[in-house]
Amino acid sequence: MNGLPGFLHRLEGPQTVGRGPAFWITFAIVFAIACAYPLFSDGYTVGNTVYFFVWVFIALSLCVIWGYGGSLSFGQTAFFGIAGYSYGILTLNFGSAYGFTLVALVLAIVIAALFALLLGYFMFFGRIAGVFLGIVTLAVTLMLERFMAQTAGPEWRIGAARLNGFNGMSAMPPLTIPWPGGDIVLFADIGLYYAVLGLLLLVYLGLRILMNSSFGNVIVAIRENPERAEMLGYDVRKYQLITFVIGAALAGISGVLYTVWGQYITPSSMGMTAAALPLIWVAVGGRSDLTSTVIGTLVVLAAFQALTIYGSQYALVFMGVLLVLTVLIAPNGLVLGAMNLISRLAARCNKGDV
Amino acid sequence: MALLELRGLNKHFGGLHVTNSVDLVLEAGEIHCLIGPNGAGKSTLFRLILGEHDPGSGDILFAGENITALKSFARIHRGLSVKFQVPGVFKGLSVRQNLEIALQRTHRGIELVRDIDRLLTFLNLEAEQKQTAGNLSHGQKQWLEIGMAVSLKPKLLLLDEPTAGMSPEETHQTGEMVQRLNADGMTVLAIEHDMAFVRQVARRVTVLHLGQVFAQGSIDEIVADERVAAIYLGQAHA
Numbered sequence: 001m002n003g004l005p006g007f008l009h010r011l012e013g014p015q016t017v018g019r020g021p022a023f024w025i026t027f028a029i030v031f032a033i034a035c036a037y038p039l040f041s042d043g044y045t046v047g048n049t050v051y052f053f054v055w056v057f058i059a060l061s062l063c064v065i066w067g068y069g070g071s072l073s074f075g076q077t078a079f080f081g082i083a084g085y086s087y088g089i090l091t092l093n094f095g096s097a098y099g100f101t102l103v104a105l106v107l108a109i110v111i112a113a114l115f116a117l118l119l120g121y122f123m124f125f126g127r128i129a130g131v132f133l134g135i136v137t138l139a140v141t142l143m144l145e146r147f148m149a150q151t152a153g154p155e156w157r158i159g160a161a162r163l164n165g166f167n168g169m170s171a172m173p174p175l176t177i178p179w180p181g182g183d184i185v186l187f188a189d190i191g192l193y194y195a196v197l198g199l200l201l202l203v204y205l206g207l208r209i210l211m212n213s214s215f216g217n218v219i220v221a222i223r224e225n226p227e228r229a230e231m232l233g234y235d236v237r238k239y240q241l242i243t244f245v246i247g248a249a250l251a252g253i254s255g256v257l258y259t260v261w262g263q264y265i266t267p268s269s270m271g272m273t274a275a276a277l278p279l280i281w282v283a284v285g286g287r288s289d290l291t292s293t294v295i296g297t298l299v300v301l302a303a304f305q306a307l308t309i310y311g312s313q314y315a316l317v318f319m320g321v322l323l324v325l326t327v328l329i330a331p332n333g334l335v336l337g338a339m340n341l342i343s344r345l346a347a348r349c350n351k352g353d354v
Numbered sequence: 001m002a003l004l005e006l007r008g009l010n011k012h013f014g015g016l017h018v019t020n021s022v023d024l025v026l027e028a029g030e031i032h033c034l035i036g037p038n039g040a041g042k043s044t045l046f047r048l049i050l051g052e053h054d055p056g057s058g059d060i061l062f063a064g065e066n067i068t069a070l071k072s073f074a075r076i077h078r079g080l081s082v083k084f085q086v087p088g089v090f091k092g093l094s095v096r097q098n099l100e101i102a103l104q105r106t107h108r109g110i111e112l113v114r115d116i117d118r119l120l121t122f123l124n125l126e127a128e129q130k131q132t133a134g135n136l137s138h139g140q141k142q143w144l145e146i147g148m149a150v151s152l153k154p155k156l157l158l159l160d161e162p163t164a165g166m167s168p169e170e171t172h173q174t175g176e177m178v179q180r181l182n183a184d185g186m187t188v189l190a191i192e193h194d195m196a197f198v199r200q201v202a203r204r205v206t207v208l209h210l211g212q213v214f215a216q217g218s219i220d221e222i223v224a225d226e227r228v229a230a231i232y233l234g235q236a237h238a
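Quick note, the sequences are listed as chains A and B, same order.
For reference, each letter of the first sequence is one residue, going 1 to 354 in this note's numbering.
For reference, each letter of the second sequence is one residue, going 1 to 238 in this note's numbering.
Warning: the hint list may mix true and false statements.
What follows is a list of derived Cβ distance ranges for each label pair [unchecked claim]:
| id | chain 1 | residue 1 | chain 2 | residue 2 | range |
| --- | --- | --- | --- | --- | --- |
| 1 | A | G311 | B | A127 | 53 to 59 Å |
| 2 | A | I309 | B | E126 | 55 to 61 Å |
| 3 | B | L210 | A | L8 | 55 to 61 Å |
A few chain A residues that face chain B, going by a derived Cβ cut-off under 10 Å, partial list only [claimed, not checked]:
| id | residue |
| --- | --- |
| 4 | P14 |
| 5 | A221 |
| 6 | G233 |
| 7 | V236 |
Bear in mind the hints are in silico, worked out from the structure with no lab data behind them.
Glycine included, each C-beta is placed from N, C-alpha and C at the ideal position.
Produce the entire structure from the sequences given, and follow the hints as far as they go.
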């Protein structure tokens, strides 16, 4: 990868699996297929695929905080919900004219990140670590769920936006891009598909660069040995807080996109089941790598949806079994295990050629 | 000139006095060894100097500045560095990445690559640079961690049992390395049980016992001290 601007070198590095022409050619082919896919499919199926993509961001948030940073957050859904509700409240009050939905999207993510900054400050600078971090974040998301579930009365409104208790908020406008000659409205089919795919590409590549940068080095160092990292002169708690806020922003992206996709958001999106599922996707995929997280999440989501046809309870039981099997067979993740196997085989073949 | 000065340093854990009014002055440029029986408070003293524990009372002065209230990372920025008793390398990362993490705070780009290579040669770990640090032998891990600590170019290097688990030959090599670093201007404070190592490197020795400074002097004075023999060396050499 010679001749590229400096930061693009970071697309490859010790923190991300996949390097060299073979990887990037495969990557380009997969992306081209993803781009062409709506041309060969119907609107409903494309909309359903958008739904899968939406969840990848919250999975990446766990990958960053837990897989790279070593802090298990059980409450990424809190940021998901905060961003989703924020988007609803903002757009129900201010509408979608002049591209405001895009402003609301950014603001909602910022609000989720600010909440994470506050929560994370007290956790990390209060020296909460390990399993207690998981307990605190889980408690926060469950409290938010309980709180939003009791907002059914008419007094629970922010401006024109009723919070609507357990039924949640609905009828917020979809993303609307101002355009001369008529706004482009991104409904939950082809329009939103390309927008989300583009965002996913940017976030994935951006995170690859970030994780292979000196910042990424420090957060994996903290995962491996926080005391040693501090004794090399790194302010461990500051790095943990920044990682946590980045993760919250990623979960916030999921929350906003989910709200945009279905034009509703309910308290159960912050509940126990919602909080547990991303952990399973990420654990099954392989939490310590971005690519395995993306692949694992999409595969498990598709399997989950296919099983839901036979009953959602069965699908949840299957998820539990899958998690147990992963922990027993490949604690670092099934997809990551397979990817490492492939790269080892490829390396052996190359050696054989020479 | 005093580089490190501990004044009346106290640390209790509940009713247990781990360090009890410790006064210690370390001159710039010396190699100072800290010895004493297990539980004497040596490692706790290191943790107090590094800011991992807050002292109940007392002051820590480093290069003339009172650093008692500073966080650990800030003390490292002032010129402290440490190698822990149990090798504290980043086990899941490669040897090269371990050194990169140590050096990247102060080095960038081509200079960073060159300094990592130089350090790999210095530590005799060139062949192992792509290996996961957790797979190194115990001695190699010790060396890697010493390399990481030294790479910060500290004014004061703290070594907590640098030769634990090493063969006599490796111990001697480590001693030579410490002397070389000292010749380049690094002050060294080492906790050590291996008296051959202490004799090889130390100009001054402090004996810690029950959280207090028990005796201080050259290695010959310490070995000749009957009180020290009674509490520590006598047992060690019995």
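Verification of the hints:
no.	hint	in the structure
1	G311(A) / A127(B): 53 to 59 Å	57 Å, holds
2	I309(A) / E126(B): 55 to 61 Å	58 Å, holds
3	L210(B) / L8(A): 55 to 61 Å	60 Å, holds
4	P14	5 Å, holds
5	A221	5 Å, holds
6	G233	4 Å, holds
7	V236	7 Å, holds
Against the hints set out earlier in the document, no violation occurs for any number.
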